[in-house]
Amino acid sequence: MNMSISMVTCKPAMPSLKDVPRQLDISILIPRRRREKVVVILGATGTGKSRLSIDIASRFPAEIVNSDKMQVYEGLDVVTNKVTEEEKCGVPHHLLGNICPDADFTTEDFCCLASLAVDSISARGQHPIIVGGSNSYVEALVNDPSFHFRSRYECCFLWVDVAMPVLHSFVSERVDRMVEKGLIEEVGKVFDPDADYSRGVKRAIGVPELDLYFRTEKFLDESNRKRLLEDAIAEIKYNTCKLACRQLEKIHRLRNFKRWNVHRLDATQVFQRQGGAEADEAWRKLVIEPSTKIVAEFLYGATKYPPLPRALAAAVAG
Numbered sequence: 001m002n003m004s005i006s007m008v009t010c011k012p013a014m015p016s017l018k019d020v021p022r023q024l025d026i027s028i029l030i031p032r033r034r035r036e037k038v039v040v041i042l043g044a045t046g047t048g049k050s051r052l053s054i055d056i057a058s059r060f061p062a063e064i065v066n067s068d069k070m071q072v073y074e075g076l077d078v079v080t081n082k083v084t085e086e087e088k089c090g091v092p093h094h095l096l097g098n099i100c101p102d103a104d105f106t107t108e109d110f111c112c113l114a115s116l117a118v119d120s121i122s123a124r125g126q127h128p129i130i131v132g133g134s135n136s137y138v139e140a141l142v143n144d145p146s147f148h149f150r151s152r153y154e155c156c157f158l159w160v161d162v163a164m165p166v167l168h169s170f171v172s173e174r175v176d177r178m179v180e181k182g183l184i185e186e187v188g189k190v191f192d193p194d195a196d197y198s199r200g201v202k203r204a205i206g207v208p209e210l211d212l213y214f215r216t217e218k219f220l221d222e223s224n225r226k227r228l229l230e231d232a233i234a235e236i237k238y239n240t241c242k243l244a245c246r247q248l249e250k251i252h253r254l255r256n257f258k259r260w261n262v263h264r265l266d267a268t269q270v271f272q273r274q275g276g277a278e279a280d281e282a283w284r285k286l287v288i289e290p291s292t293k294i295v296a297e298f299l300y301g302a303t304k305y306p307p308l309p310r311a312l313a314a315a316v317a318g
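Residue numbering for the sequence shown follows UniProt numbering, starting at 1 and increasing by one per position.
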């Protein structure tokens, strides 16, 4: 007895277009390409976005695309607070410190290069993680119809949030640490009395505020130089706090008015514990674990995920 079955008889009959009701959109009959998945991390400056992006990329096959409009530029690594090679933990980063410092890098430029980076990462079987404080860049990339991002990619939005009074205190202390790391000297090396502070990396907070100090320091005695420098540092702190408030307002707008499905992760307790083992444990419980479960569900439809290798966990925690 011949048990073979003709494959012709197994094919379902396709409807003829003349049989389709006129009010039906025939585009539903056209097979659509499955959308790839992208993780987007939002948050005000200083909340730990970069740290979380590396934590997630260390648990999943992922690469990071920077969306901070100052960190795209080459140079001024302390001023722009770029992650170091050691902090990257071997995770590939894109659009980080490779744009000419004096370039007029526009939102459209970002959308074009970020879109190419995301496409390249996805084509290699990796998951893109977009992270940075420039929410206008992210919004333009996700919503601009010219790039068809929404039709090609499904997004998971994570928001690292910290109560503003706590964050303001932290960013002020961070500015002090940046000064200790050489912020003043770094800006002094690129100081130009004819500088245009409306374009390029010189727009970064920390550069315009020191202009008067570098213009006049050689004409002042030690006491007045010290006072002028303290005033400049205080202005850097104030402008950084203002930036954090603007960034938070934009996130609320994206969530409440644009209706983005944003997952909020409250990291306030982490910053209240001011570093050390307790802060690291709070970061793990309040940020890493919930965000990793969200991403696992988003990427694979599962809440189970591989544990971070011990050596890598130590590097991330450190």
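Honestly, the hints are just simulated from the structure, not real lab data. Please note: incorrect hints may appear among the correct ones.
Said to hold, decoys possible - Under the rule of at most 25 Å between Cα atoms (straight-line distance), these lysine-lysine pairs were calculated in the PhoX-like manner:
hint, residue 1, residue 2
1, 189, 250
2, 258, 181
3, 181, 250
4, 250, 37
5, 37, 258
6, 242, 258
7, 218, 250
What the hints assert, rightly or not - Here are the computed distance ranges between Cβ atoms for each label pair:
hint, residue 1, residue 2, range
8, 126, 276, 45 to 53 Å
9, 136, 100, 53 to 61 Å
10, 273, 227, 28 to 36 Å
11, 124, 238, 37 to 45 Å
12, 84, 273, 53 to 61 Å
13, 285, 109, 37 to 45 Å
14, 257, 216, 42 to 50 Å
15, 126, 224, 48 to 56 Å
16, 245, 280, 21 to 29 Å
17, 220, 136, 32 to 40 Å
Don't be surprised by glycine CBs; every beta carbon is placed ideally from N, CA and C.
Do the hints match the structure? See the list:
1. Using a Cα cut-off of 25 Å, the hinted pair residue 189 and residue 250 is violated, with the two alpha carbons roughly 34 Å apart.
2. For the given pair, residue 258 sits about 39 Å from residue 181 by alpha-carbon distance, which is inconsistent with the 25 Å threshold.
3. For the proposed pair residue 181 and residue 250, the alpha carbon gap of about 30 Å is over 25 Å, so the pair is violated.
4. Simply put, residue 250 and residue 37 have alpha-carbon atoms about 23 Å apart, close enough for the 25 Å limit, and the pair holds.
5. Proximity of residue 37 to residue 258 is assessed by CA-CA distance (about 20 Å); at most 25 Å being required, the pair is judged to hold.
6. With a C-alpha separation of about 23 Å, the suggested pairing of residue 242 with residue 258 holds against the 25 Å cut-off.
7. Simply put, residue 218 and residue 250 have alpha-carbon atoms about 41 Å apart, too far for the 25 Å limit, and the pair is violated.
8. Checked against the hint of 45 to 53 Å, the C-beta distance between residue 126 and residue 276 comes to roughly 33 Å, which is inconsistent with it.
9. Evaluation of the 53 to 61 Å hint for residue 136 and residue 100 yields a failure: the beta carbon distance comes to about 21 Å.
10. Take residue 273 and residue 227: their Cβ atoms lie about 34 Å apart, and the range 28 to 36 Å holds.
11. The supplied range of 37 to 45 Å is met by residue 124 and residue 238, whose beta-carbon atoms lie about 43 Å from each other.
12. Taking 53 to 61 Å as the suggested C-beta distance range, the pair residue 84 and residue 273 does not conform, at roughly 23 Å.
13. For residue 285 and residue 109, the hinted distance range of 37 to 45 Å is satisfied, since their beta carbons lie about 39 Å from each other.
14. Under the hint 42 to 50 Å, the C-beta atoms of residue 257 and residue 216, about 45 Å apart, fit the expected range.
15. Between residue 126 and residue 224 the beta carbon distance is about 54 Å. The supplied range of 48 to 56 Å therefore holds.
16. A hinted range of 21 to 29 Å holds for the C-beta pair residue 245 and residue 280, which are about 27 Å apart.
17. Separated by about 39 Å at the C-beta atoms, residue 220 and residue 136 satisfy the suggested range of 32 to 40 Å.
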